[in-house]
Structure formats: C-alpha cells, structure tokens
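Peer 1: Sequence:
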Amino acid sequence: MSQASANARWAETLLAALASLGLRDVVASPGARSTPLVLAARRHPQLTLRVVTDERVAGFLALGIARGSARPVALIATSGSAGAHWLPALVEARASRIGLLALTANRPHELLGCGAPQAVPQRHFFVDQVGLARVIPAPGPAPSIVELRSLETLALAAWSAASGEEALPVHLDLAFRAPLWGPARP
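In short: position in the sequence shown from 1, add 6, done, that's the numbering used here.
No lab work stands behind these hints, which were simulated from the structure alone. Don't take each hint at face value.
Said to hold, decoys possible - Pairwise CB distance ranges, derived in the manner of DEER restraints:
#1 Gly74 to Gly146: 37 to 43 Å
#2 Asp60 to Pro114: 35 to 41 Å
#3 Ala148 to Gly74: 38 to 44 Å
#4 Arg49 to Ser166: 24 to 30 Å
None of the values given here were measured: they were computed from a predicted structure. Just so you know, even glycine gets a beta-carbon here, dropped at the ideal spot from N, CA and C.
Please model the complete structure; the sequences and the hints are all you need to start from.
Peer 2: Below, the structure is given as structure tokens:
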C-alpha cells in the first residue's frame with residue numbers, strides 16, 4: 007500500500023467511525039495537509055461537507071450547525087496556524103456545552119521542530135477549551151487492523167466527549183506524511 011493510500015484509509019476509517027456514531031456535518035477549511043480528511047468527508051455518503059476558506063468563519067458556522075442540530079459537527083483544517091482560528095468558536099462551544107470535533111491535520115513528528123514550513127505544534131491550541139485532546143501519529147504505509155481499530159476506538163471516545171448534555175469540544179491532531187493523496191478514486 008502506498009503512503010497516499012494509507013492516508014486515505016486512515017482518514018476514511020476515522021470519518022466512517024464518526025459517521026456511524028451520528029456525525030452528519032463537516033465544515034472544512036482545506037489545505038494540502040488536510041486533503042486526506044477532506045476527500046474522505048466528501049466521499050462519505052452520510053456526511054454533508056461545507057467548504058469555508060476562512061477558519062474563523064468555519065468555526066462559527068460549525069457552532070451554529072451543531073447548536074441547531076443538537077449533534078456534534080466536525081471541523082477540518084490544515085497544518086500550521088489554521089486551526090488556531092477556531093479558538094473563539096471553541097470557547098463558545100465549551101461555555102454552551104456544544105460538541106465540536108476539531109480535526110487538525112499536521113506534519114508527522116519528524117518534521118516538527120526542524121524548520122519545516124507550516125510545522126506548528128498543534129496539541130496545545132485548545133488546552134482549556136476541550137474535553138478531550140489527542141495527537142494521532144501519521145499512519146505508516148500499511149496500517150494494521152489493530153491500528154485501524156484503535157482509531158475507531160478513539161472516534162468513540164471523541165464522540166462520547168462531544169455528545170450529550172455535558173458535551174465539550176474535542177481536538178484530534180492528525181499527522182499525515184507525503185504523498186498526501188494519490189490518483190482520484192471513485
């Protein structure tokens with residue numbers, strides 16, 4: 007399996023697990039590193055993908071959709087500082103007990119702290135505003151069934167934290183290695 011295929015499978019596994027739990031809406035401010043997540047959201051038949059280039063606007067759109075639907079909404083942003091623009095919406099979500107699933111794409115660990123472009127440690131972006139924060143390492147070129155099941159378990163924990171009367175925002179910082187995507191799939 008190529009790295010691009012592994013990235014696609016990783017993103018598809020996460021979003022399919024969230025969709026099976028009730029996710030229906032995704033708001034994305036795409037960039038190169040988040041491409042596997044955006045393509046997986048676009049391909050999933052149960053998900054409605056809205057593309058908003060301004061991350062701050064995307065955060066508040068997701069907050070409004072989550073408030074109106076009474077179910078968590080996923081946000082997707084690329085690496086670098088993009089996800090940080092969601093902070094005001096996550097503050098509001100926490101105060102209102104509204105579930106948002108902040109999915110930031112990131113560089114793999116070997117590109118952090120070495121001068122690579124757009125390499126910003128994202129794990130502490132929302133420390134005081136989220137009920138659950140996890141850093142998910144980049145998949146290898148052939149993710150095992152155990153690794154994929156672990157990702158599904160993480161999706162359950164994220165959904166549980168972002169749902170119900172005590173809902174809180176969740177932050178999943180997902181690393182992806184290049185090549186990020188391959189030829190178009192049906």
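Peer 1: Using the C-beta atoms of Asp60 and Pro114, is the stated range 35 to 41 Å upheld?
Peer 2: 27 Å, violated
Peer 1: Quick check: does the Cβ-Cβ distance between Arg49 and Ser166 fall within 24 to 30 Å?
Peer 2: At roughly 25 Å between Cβ atoms, Ser166 and Arg49 fall inside 24 to 30 Å, so the hint holds.
Peer 1: Assuming the hint says 38 to 44 Å, is it satisfied by the Cβ distance from Ala148 to Gly74 or not?
Peer 2: Taking Cβ atoms as reference, Ala148 and Gly74 lie about 41 Å apart, which means the hint holds.
Peer 1: 37 to 43 Å was suggested as the range; check whether the CB atoms of Gly74 and Gly146 agree with it.
Peer 2: 40 Å, holds
In this structure, the one hint that does not hold is number 2.
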